[in-house]
Each structure stands twice: as C-alpha cells, then as structure tokens.
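Chemist: Residues per chain are reported as follows:
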Amino acid sequence: MSGWEEIYRENILEHYRHPRNHGTIEQPDITYEDANPLCGDVLRMDFKVRDGRIERVRFSGHGCSISQASASMLCERIEGMPLEEAKTISREDVLEMLGIELGPVRLKCALLALKTMKAGLYGLGGWPGEDEER
Amino acid sequence: MSGWEEIYRENILEHYRHPRNHGTIEQPDITYEDANPLCGDVLRMDFKVRDGRIERVRFSGHGCSISQASASMLCERIEGMPLEEAKTISREDVLEMLGIELGPVRLKCALLALKTMKAGLYGLGGWPGEDEER
Amino acid sequence: MSHVMRGQPGGAAPAALPRTFDPAVVRADFPLLRRPQGKPFAYLDSAATSQKPESVLAAMDHHYRHCNANIHRGIYAMAEEATAAYEDSRRRVAQLVNARSPREIVFTRNSTEALNLVAHAYGRWALQPGDAVVLTEMEHHSNLVPWQMLAREKGLELRFVPMTGSGELDLDALPGLLADGRAKLVGVVHISNVLGTVNPAAEIARLAHAAGAVVVLDASQSVPHCPVDVRALGCDFMAFTGHKMLGPTGIGVLWARRELLEAMPPFLGGGEMIREVHLTESKWNELPWKFEAGTMPIAEAVGLGAAVDYLERLGLDAVFAHDRALAAYAIERLREIPDLTVLGPAADRRGGVVAFTLADIHPHDIATVLDAEGVAVRAGHHCAMPLHEKLGIPASTRASFHCYSLEAEVDAMIAGLRRARSIFAR
Amino acid sequence: MSHVMRGQPGGAAPAALPRTFDPAVVRADFPLLRRPQGKPFAYLDSAATSQKPESVLAAMDHHYRHCNANIHRGIYAMAEEATAAYEDSRRRVAQLVNARSPREIVFTRNSTEALNLVAHAYGRWALQPGDAVVLTEMEHHSNLVPWQMLAREKGLELRFVPMTGSGELDLDALPGLLADGRAKLVGVVHISNVLGTVNPAAEIARLAHAAGAVVVLDASQSVPHCPVDVRALGCDFMAFTGHKMLGPTGIGVLWARRELLEAMPPFLGGGEMIREVHLTESKWNELPWKFEAGTMPIAEAVGLGAAVDYLERLGLDAVFAHDRALAAYAIERLREIPDLTVLGPAADRRGGVVAFTLADIHPHDIATVLDAEGVAVRAGHHCAMPLHEKLGIPASTRASFHCYSLEAEVDAMIAGLRRARSIFAR
Ligand SMILES: Cc1ncc(COP(=O)(O)O)c(C=O)c1O
Ligand SMILES: Cc1ncc(COP(=O)(O)O)c(C=O)c1O
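Residue numbers (our numbering), protein chains in the order written: chain A, 1 to 134; chain B, 1001 to 1134; chain C, 2001 to 2426; chain D, 3001 to 3426.
Everything labelled a hint here was simulated from the structure, so no lab data went into it.
Errors might be hidden in some of the hints.
Claimed, not checked - Here are some of the chain D residues that sit facing chain C, going by a computed Cβ distance under 10 Å:
hint	residue
1	Thr3049
2	Ser3050
3	Met3078
4	Arg3109
5	His3140
6	Val3145
7	Gly3270
8	Thr3280
9	Ile3298
10	Ala3301
11	Leu3334
12	Pro3338
13	Ala3367
14	Ser3422
15	Ala3425
Each residue gets a CB set at the ideal place from its N, CA and C atoms; glycine is no exception.
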C-alpha cells in the first residue's frame, strides 16, 4: 500500500465525495464557525436542539478531504444524540472514526469539526481536555 | 612575556598612575562627555581654544587603565596643536601611541578618548571615518 | 536555460553575463538533501524556509564549541572573538545589500520582527492620525498586520495598490493613492511569496518619495535569491530573514537609512541598547545597538554570515537565473495538466515561486498526495489571505526553488499532480 | 559541600535530599570546556551565558540535517516532524516550570523580548495614566528600561523597592509602595545577576496581589539554576532565556497566566499569530500562537528542549546546591585577598553569582589580567547600572557558575586576583 492510500482510505473519500449533513439550518438553536488559522479553511456547524438532544446538525464551509470527511462523520454520528453525550466525544473517537494516523499539522484539519462542535456546545470558554485537542 | 604584560606595558601603567592633563577647565570653549555603553565608563574632555589652537585640554571621569592612559596620551599630544590637525588624528594613531593590540571590546576603551575628542571638535553630527572608530 | 531573461530587481544592469553553477553539484553541500538511495525527496518549499549548506552548520557548531560567550561586554579573549564574529557578520550583510555602513544593519528575530520594528519605532513616532499608509493587495501578513494594528491605534487610513488579473501591481493606481499628500508610508513586497511577481521597487520608491512618503520594502523573498542594492533601489527600510537565505532560524535583518534610525526612538528596551541607565531614565546606545535589546542571536548571526558568504560564492545573479529558469520550466510542465491554473505573471516577470490551483481539489489533499510521492510543496494561503481572497480562491499549492532545486524535482511533482487528479476527480 | 543550605526559591520544600553530581564528570558533556592539555581555561561567566552540552548541539544539528522545514503549515512529513519537535519543546518547558498548560508558554527571542512583550501587550493595554509600576533597585536593565519607556508614554509613576546595605530587598518598604492602590504591576528579579540575592518571589506576589497588582518575575537567573514552580510562586508573568540555561541563543520564554494571555492584545503582528486576515482587519490565533509572529526560532526551540532534558537529568535541586556551594567557597577564598569587597548577601541567601570590587582597580583591568591567566570573568555594570549607582561604584567584577564549574577554577581566579593587585597597586 503506497503512502497516500494510507490516508485516503475509501471511507474518507466516500464521505468527502458524498458528505452527510452538509448544508445550513435556518434559525438554528446553536451555530458556531471556526477556522483553521494554518490554512484559512472555515467550518460552520448549525444545530437544532430539542429536549436536550441534537435534533438536526448541518455543516458548511470549505476545507480539505480530511476536514470535510471528519465533519461529515461527526455530524452523522451526533444527529439524534443527547447533547451531554456529544460533549464527551473525544479526539480519540474522531481519529478512530477516520481510521488514520496524522501528524500535528493535518491533525488540525481532522479535529476542526470536533473543535467547532465543542465550542458550539460548551460556548466559547473552553472545555475539559481542550488542550489535548490542539 | 606572559599575557597581561603584553597589554600592561610600562608606558600604559605609567600614564595610568600619573595621568597628564587630568582635571577640568572652568568655562571651557568646548566640552564634551561620552560614555562607554558597554561598561558605563565616562570620559569628559574640556578644551580652551585660541587662534585655532588647542591651548589647554583636560580630561576627567572614570575608566580602566587603557581608557585613562589613552586619554592621558591623547591630551598630552594635542595640547598646543591646531584644531584642524587634531581632527585628523586617527584610530591607528591612538593604537600606535598605546603600542598594543586589542580585541573589539577593549578597543572601545582605547578609543573612548578619541571619540570624545572628535565629537567635541566636530560637533555631534559624525565625522569622516567615524564608522571605523566603532 | 538560455532563454531566461536576466532579472535585476536590485539596481543597474551588470556588465557581464551571470556566472552559472550546476545545481546537482551545489546540492552536495546541503546535508539534508543527501538522501539515502531509493528514497526520493524533492524539497520544493524553499520560499517557506531554505535548506542550509554544511558551511553554515559548521560555522554555528564551531561557535558553540570554541567561542561561545556573550558579546560586547566580555573582556576575555573568547568574548572578544565572539564579538568580532558577530560584528563581522553585520559587515558582510551590509556589503551584501550595499548599505552605506554596518550601522544601518539591525539584527532582529526574523523579517516579521523587522517590519514590526518599523511600525512601532518609526510608525508610532512619525505617523499622525489622519495619515495614510499605502500597501499592496499582495502583501504577506507580516507587512500587513503590523500596519492594521498601528492604523487602529493611531487612526491611520490604509490604502491598497490593487493587483491586476495577471498578479502584478497596478502601478497606474499609485499616483492617485499618493495624490492628497496624506500617504506618509508605502509598504511593498519586493518579490511576492505566492505569485513570484517582481515588483518595481525603484519606481515605487521614486513615486513615494516625490509624494513625501517613506518606503518599506519587504525583501524576504528577494535578498535570498537575487542581487539587491538598497542604494540603487532608493528605499528607506528593508526587511529580510535568515532562514530563507540558507541561514539559520532565529535571525532577521532590518536595513534602514541611517538618518531615520538616528531619529527614531528605540523599539525594545533592555540590555545592550542603552548607554546609561538610571532608575527613572536612560540614554540610548549608538547605532545599530540602540535597536538590539538583550542577548542577540549570536550563533545565528555567525551562521548568517556564513550563508552570505555561500550565496556570494555562488553569485546571486546566477542563483536568480537558476530560480527563474526552473520556474519557467515548471510553468511549462504544469500546462500539461488539465484543469490546472498557474497564478501570477508570465515566467519572465517572476522569481522562483510557482503557485497554482488544480480543479477544485483542496491544496491540502494535493500536498498530501505529493508528500506520499516524496515531493514537499506548500498548501494553504501562504500568509497572504487577502491575495487569495482577491483571486477568489481559499488556498493554493506552491512550489518554490533555491540554488539546489532540480528539473527532476519538478518532474516528480508533475507525476504526483497527475495522481492527485486521478484520486480526487469527482 | 554539606554545609550548604538548601534553597527552594520555587516553592514547597521537597522531601528528599538533592541528588548530587560530580562537576568534573558533567564537564565532559560540554565540548567547549574540553580544552587541550596545558591550556588552562576557567569559564566563570555563566550568568552572562552558559556553555552548551553536546546533546543540545546534536539536537539542533539533527534538526537542520534531517527535518528542517517551516512549521505549522507544511503538510509534508518533514514539516510535520518539525512542528511536532517544536511543540514538544514547548511542552517540556511548560513542565519544567509547572505551567498549567503548554498554552501558557510563549517563545520569544530572549528574556528581554519577553519582558518587552509584557510591557507592550499587557502594560500598554492594562495600565492607565496615574497608575504606578513598582520595581526594585536591583533590576536588570531588561526589566527596567521597558517600564521607563512605558511610563513616559502613558504617564505612569515608577516606584522602587529599596535595597539594604547587604544587597537584599527591603521588603518592609513594599506595603507602603502598594498602599495607595495605584500600583498595578510589580516587577522583580528572582535572582539578582549581580548580587546573587534570591528574592522572596512568593511573598512579593502575595503582597502585590492583595493590593491588586500583577507580578512580573524576571527569572533569567533562576530557571537555569534551580527548581521554579510558577504555581507555587503565584506570579502572573515570568521571563527566562535559553542561552543561560544550557540552550542556544535566539530563544527565550514568556510564561503567563492563561487568562491574562487570552485577554491581552497581541504584540507583534504577522504570519502565524493570525486566524484570519482581511485587507483592513484580522482575527488573532489561539494561545500561544497569538503571540508568536513570523517564523519562530525553530532549531533553537529544539535545542532548548534538549537543554531542559539535560537540566532535568542533572536535577535542578542538585544544580542549585552545587552553584551555592561553589559561591560559598568563592566567598571564603575571596576573603583572603586584602582590599577586596564581596557584594551582596551572605552565602546562604544567594545563588551561584559572586561580584566584588578590589581596591580601586578597575574591573576591566582585573578581567584583563585574569584573562591572561585563562580565567574568564565579567567586568562592568552587568546591565544593572542603577544597582551599582546605589552601591556607589561604577562597576564590579563578577564570577558566576553553572553545573560544570569547579573549585579549581575559583582557585585560579584567586591566584589571578593576587597578580592583578600586585600590578595595579598604586
Ligand atoms: C536578571 C537578568 N534579567 C534579564 C537578562 C536578559 O537576558 P537576555 O539578554 O537573554 O534577554 C539577564 C541576562 O542578561 C539577567 O541576568
Ligand atoms: C514575502 C514575505 N514576507 C515576510 C515573510 C516573513 O518572514 P519571517 O517568517 O521569517 O518573519 C515571508 C516568509 O514567511 C515572506 O515570504
């Protein structure tokens, strides 16, 4: 298996080509936009929340296949999930979904969605374990 | 000849122990004070000028044997000299008077007197070859 | 490579043809590029940072092993040696850019600090509310953000020389931006780190001076690659950075006209930059030390001096000819790839930088595929977000060259781009 | 060395005795100190800059030879490695001083830049005309001049904690200086680079905080020599510098409480420190990068990380015990010399720094004679002119130690001082 095939596994390309939950929500209950300062990529996530559950979630913005695939996978996973449970999703969970190993620079792409989600759900002030998500 | 004896030749120690032209002049025609920023040593030179000649020159301040000896030698040499001639004294002339070789740090000690004299005689604006006296 | 035009960004045309060198031979001087057989590695990211020749590493290593002492204050032999080496590097840098005196050379951490020094020490002092600062749409963030910060603080207006579709400055717009006499400072990048565009610095300086503005040149991509003569250019401040010119990280340079440096207040306060300190007031040291606070990057200055020597041995005109020839070659080969757009002007108007987009494939993905093939390029906004905004793209992929770069490395990139296209076509 | 008191400037008293090491063995790790036979060389100027162990030089050399790339933006493997190495050094530095998070560690050029960063980004933002800044009479110029410059700009009052005759802070005066509630910032040197005095940083922080002032600790001479725990000390900002802690030149550190760094505006503008840049406005990056503009001293950070490892392997409590024992020995031996005055407090209240005067012999002359005998000491005001002014002397001679310093080197100095006395007695 050559180098790029280790990163661009079929599941990633699949999510990249056919992203789930892509789009925006009108009048979302929570919306948060973050950027990857290293490359300027931007991700926005909109949430509809009912009875403490994430009823709907949509993402938009632009980014590379890793950041788009991880946003797509994360959204797919958290739609319908209780807010409190979504908050506990960790960096390791996201990397496991992606199923690849990444260096510190591309890690930022992979974790942009998680970071955007947490900032949205917790509010801006920071959250437990945030440092590890750098 | 061991190391320090190369620098502390008898003439230097002699001028250091018995400085010529040490002191100040009341109501000097020209007075200038400079400092060696590297060690805080201060040198002031006062001049009485008549008919374009340096009639009297005195130095004061504090410094090491090299800076004191070079001030003493320089004053001895320029007293009575036409102003224009004194202005032409070069860094090489001073080092020749001292008769020793010095690295860039102690060079500053050796040249403080020359720098003070030139700044006094030329005024503050700089003078030909100034860069070489750094 | 004989079809390449000579570029003389720095001043008058020289009499002789440029010396030339064989990059494959030059390469042997660069330890990092000597890779084990069978592991291809094409480093095409020299605009981000250059590789370092053995002589630079040896100079720094020698410093630490044989004359590591703090400078300017030590009376012992080793400190005298270290001081002499540090000041000697300053002299060599001064000669490289044809400064009038080594006093005009201030060492900094990098280009960015040099440009911030100008904004803080000159800008905060000389500019008044209502004054305007003229920049260009192709500035690197380092020659943009400091002026934004200053503009907000002092109530300055920022104006921008627009960029044409081909990625050149629309110089016709400059007189208009200067016409009301409120523009007091013009900041411009000499060679764009994205487009490779060589901007007409001398002409800009002429126009700016006629309108009473000083000129700050960001020479981060020119001094490392071509002859630059500050007197011929006629600018007032110029910043460049060691790590892009075969030197170490941790050191940069501000050149400025002596009269300006004399007049400006200092920037950072501390040891070295003072003549006399009392509890509540101080007097400043002479130039250039007035602007060098605290223990400076001493080993790094020694390394930079060795880098200047190396560049001068190669000949900067030869380096530039080589860079430009390679850029021309790359542009030619990139044309073979469908859906690929090269940013910036024609090959004869640029330095050794080639940025492009490929269909709607994200540059990160392109760079990752290329990395897997052993080709290192840069992907992103290259610290020039407004430029990308203007071009209507979020990011680009960039290949950039230095004296050790080879056509074969460009070929490897082309092969990798074909592969990226096949993976990501959707 | 069993008579030496344990110093714990950094926090709580530890349970175990300090580990010890043999400086003669340690010495073998320092290439510069391995001198050819018959050429004695006693380096007693470690407070100016320390020597570097082989492991530090090797780490930097390895970086340049195997993973030299610009960080944070490169998508290729080498850039990922360089980024990881740089950020790993930050983590090690954070651990060294027990920071809550690596986000609290900002890399700078040196201590001086770190202190200027506090003055510019925090001071210009948080302090108002009429506020007071409290410093001490024993500050290094680097923690004095930036505040003078700021005081002039903003109309601040400078107040000084006076020094006792024995070179200690007169802490009884501090409450009075804080009493009117106008003092908003207290800046203090942790260990004086002239007197060796270890100042009671935790107590000063307690008093300052009670009065509503933040505390800036200049730890340039403490972090390299003894355990320092920012949480135990309770200060708000702390500066230190790589080249004094067995690391390279060109890198320093600002530690600060995260809340303060979050609230403060940035200092230098440019690449790296931004999140988004548009032509006329920008958004800042997260901590700590918000304060790191342009290409940072990457190789230097790697070297600093290796230096931290080395210091931790030796054990900073052991280093401090060694330094203090040597200072005590030096003071004892210096007493043998007639007309010699040791500056500063008793041996049990200081670190490994011993400054003195000898009759009216100028320190330059002393240093020159010592140099001829192969002993490197420092002569001058050591960037602490007000301290010397207060003591009524223009300059002093200083010997200072680190882990590789030997009693035999002190002995060589003593012999040289006798010679200086015989030459210059007048
Ligand atoms: C107490 C103290 N503060 C600050 C500094 C400044 O350190 P640097 O020159 O590395 O900025 C020094 C050393 O020179 C020092 O001893
Ligand atoms: C045009 C230009 N200006 C400024 C810089 C900033 O240089 P440094 O990061 O060394 O400060 C760079 C490189 O990053 C550049 O290409």
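Chemist: Could you run down the list of hints and mark each one as holding or not?
Modeler: These are the hints, each one checked on the structure:
Contact between Thr3049/D and chain C, as hinted, is supported at the beta carbon level, the nearest pair being about 4 Å apart and thus within 10 Å. The beta carbon of Ser3050/D is positioned within 10 Å of a beta carbon in chain C (closest approach about 9 Å), and the interface hint is therefore held. The interface hint given for Met3078/D holds, since its Cβ lies 6 Å from the closest Cβ of chain C, which is under the 10 Å cut-off. At about 5 Å, the closest approach between the beta carbon of Arg3109/D and any beta carbon in chain C falls short of 10 Å, and the interface hint on this residue holds.
Contact between His3140/D and chain C, as hinted, is supported at the beta carbon level, the nearest pair being about 7 Å apart and thus within 10 Å. Among the interface hints, the one on Val3145/D holds; its C-beta lies about 3 Å from the nearest C-beta in chain C, closer than the 10 Å criterion. This hint holds: Gly3270/D has a C-beta 4 Å from the nearest C-beta of chain C, less than the 10 Å allowed. For the restraint placing Thr3280/D at the interface with chain C, the shortest Cβ-Cβ distance is roughly 5 Å, inside the 10 Å limit, so the hint holds.
Taking 10 Å as the C-beta contact cut-off toward chain C, the hint placing Ile3298/D at the interface holds, the least distance being around 5 Å. A least Cβ separation of about 9 Å between Ala3301/D and chain C falls short of the 10 Å threshold, and the interface hint therefore holds. Checking Leu3334/D against chain C: minimum C-beta separation of about 19 Å lies over 10 Å; hint violated. The interface hint given for Pro3338/D is violated, since its Cβ lies 23 Å from the closest Cβ of chain C, which is over the 10 Å cut-off.
Below 10 Å, beta-carbon pairs count as interface contacts, and Ala3367/D has one with chain C at about 4 Å; its hint therefore holds. For Ser3422/D, the suggested interface contact is broken, since its CB lies about 19 Å from the closest CB of chain C, more than 10 Å. Look at Ala3425/D: its Cβ only gets to about 20 Å from chain C, farther than 10 Å, so that hint breaks.
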